[in-house]
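**Student:** The lines below spell out each chain.
There are 2 protein chains.
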Amino acid sequence: MNPPAVKDFLLDLQQRIVVELERLDGRPFRRDAWEPPGGGGGLTCVAEGGALLERGGVNFSHVFGAGLPPSATASRPEWAGCPFQAMGVSLVLHPRNPYVPTVHMNVRCFVAEHAGAGSWWFGGGMDLTPYYGYAEDAAHFHAVCRDALAPFGAGYYPRFKKWCDEYFYLKHRNEPRGIGGIFFDDLNEPDFDTCFALSRSVGEHFLPAYLPIVARRNEQPYGERERDFQAFRRGRYVEFNLVHDRGTLFGLQSGGRTESILMSLPPLVKWRYDWRPEPGSAEAELYRTFLLARDWV
Amino acid sequence: MNPPAVKDFLLDLQQRIVVELERLDGRPFRRDAWEPPGGGGGLTCVAEGGALLERGGVNFSHVFGAGLPPSATASRPEWAGCPFQAMGVSLVLHPRNPYVPTVHMNVRCFVAEHAGAGSWWFGGGMDLTPYYGYAEDAAHFHAVCRDALAPFGAGYYPRFKKWCDEYFYLKHRNEPRGIGGIFFDDLNEPDFDTCFALSRSVGEHFLPAYLPIVARRNEQPYGERERDFQAFRRGRYVEFNLVHDRGTLFGLQSGGRTESILMSLPPLVKWRYDWRPEPGSAEAELYRTFLLARDWV
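Heads up: the sequence lines are chains F and Y, in that order. So in the numbering used here, spot 241 of the first sequence is number 241, and the numbers just go up one at a time. So in the numbering used here, spot 208 of the second sequence is number 208, and the numbers just go up one at a time.
I should point out that these hints are in silico values taken from the structure, not numbers from a laboratory. No residue lacks a Cβ here, since even glycine has one placed at the ideal position from N, Cα and C. All the given hints hold, so there is nothing to weed out.
Using C-beta positions, here's what the derived DEER-type ranges look like: (1) Y/Thr194 with F/Gly255: 37 to 47 angstroms; (2) Y/Trp163 with F/Ala135: 45 to 55 angstroms; (3) F/Ala135 with Y/Arg159: 58 to 68 angstroms; (4) Y/Ala284 with F/Gln15: 31 to 41 angstroms.
If we take Cβ atoms under 7 angstroms as the criterion, some of the chain F residues that face chain Y in the derived model are: (5) His172; (6) Val243; (7) Thr258; (8) Leu265; (9) Val269; (10) Lys270; (11) Trp271; (12) Tyr273; (13) Asp274.
Produce the complete structure using the sequences and hints provided.
**Tutor:** Here it is, written out as structure tokens:
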């Protein structure tokens with residue numbers, strides 16, 4: 001294993017994504033470097049109030065910890081409490097235009113030590129959360145996800161697609177967060193180089209997956225009705241991230257930098273009691289056609 | 001123990017509170033009765049868009065469960081997984097005027113069965129979350145909390161006040177949720193009648209604790225600046241309820257009615273990256289003087 005190479009890749013990926021988003025957003029991101037208490041380093045890149053992004057963050061962090069918290073070891077209990085390092089790039093973008101979907105992407109690498117032996121694993125993925133659904137956008141996003149994984153074997157996309165549908169699911173709402181994408185964790189087979197290459201490929205495919213959707217939707221005119229529905233649906237995003245998301249819990253439990261972790265929360269959110277869209281409306285269409293686990297490619 | 005008497009009290013308390021709030025709000029609450037899957041019953045009373053309440057709920061629920069979830073047995077692990085019934089009234093009010101504090105009150109009773117033996121305990125409390133702090137409001141609220149507990153012994157208020165400060169604390173922000181109040185859980189001494197009487201007293205003292213503050217603040221004029229700060233601070237309320245609050249987790253884990261549980265979430269919320277109030281401003285005063293554990297009476 002080669003953590004420095006992973007770190008170099010992650011920092012470079014972050015900057016390439018930020019530069020591209022800055023171009024679309026019409027102004028620079030704010031860049032905040034920070035130092036975790038146990039060593040390592042973080043670089044939070046944030047946009048607020050830009051032409052494209054009402055709020056968005058592309059974060060790099062590299063943290064060392066004395067003991068892996070429960071959120072990181074759910075499926076590998078033998079590593080609970082072991083010293084570890086974790087590094088990753090995590091992004092969440094909340095566009096202003098309700099026709100442009102919210103998007104999330106993450107690539108991460110863990111290295112843990114246990115009784116003198118080392119263990120490593122990768123995780124990551126990307127998923128799309130539209131407010132107004134378009135089948136061509138969903139098909140495009142999933143096709144790029146599939147292409148990102150294809151060089152490593154045809155089995156990865158269906159497996160990671162299903163994992164994503166299961167992971168980004170709001171049990172308390174009986175509702176998926178969005179139209180999914182891919183998600184993986186605990187990846188350490190067949191070997192380090194292959195796992196790193198696969199994770200790199202996921203990161204590299206983020207811009208090709210998302211930017212064509214931005215290009216198609218960002219000029220669509222919208223009004224108060226669409227903004228209102230966007231603010232309402234963003235409430236589900238908050239609920240998922242604070243109640244269910246392992247990455248958020250890991251960050252908060254491991255003493256991460258709160259402002260960087262909670263960059264994932266939307267800028268403006270509404271909660272309303274027991275609200276449902278009018279049958280037949282564009283808003284109802286999101287629930288009827290898009291908030292289902294289905295095959296998009 | 002006498003669960004039916006508790007239930008009668010709770011339903012009556014709920015209606016007395018709702019009727020008083022309806023008078024101030026200028027219109028009726030919506031009332032939704034619902035049936036939990038395992039028996040019992042719920043009555044959710046909701047206000048949205050009224051003169052006083054931008055959003056608020058006063059909920060009664062009585063649920064039966066096959067096994068107590070972890071959130072209910074943190075301090076009594078011997079009862080984990082036991083059949084139980086739980087009943088309570090829980091309210092959260094989010095006024096529109098940023099000078100009127102958000103408030104929370106809860107009274108609850110658990111009955112669990114274990115190896116043929118029964119066990120019961122009470123919990124509850126109330127706490128205040130101002131956006132703009134007033135020492136006289138904080139002193140009044142805490143004085144009523146103290147008065148509610150005084151008949152049962154002088155030791156309860158300091159103990160439950162401290163418990164409240166500790167419980168309503170956002171570890172990831174290193175910040176209290178508000179100016180506190182009282183909180184208690186696992187109360188089963190010296191006997192059922194005393195514990196029930198104490199819990200009743202807490203519930204009965206809610207209106208005297210809160211309404212004088214509403215009367216003092218609800219006519220204070222406010223503008224966009226105050227609304228903006230209120231929406232920003234409400235983000236902390238969401239973070240607390242979804243990340244830390246045992247009652248919310250218990251509800252979601254025990255298959256409670258999501259729309260009733262999440263009535264506690266504010267109607268309009270903003271998140272902003274690393275925002276801090278200008279030193280010397282009224283907004284900074286909240287942090288400097290009120291968001292501290294201190295003695296108000």
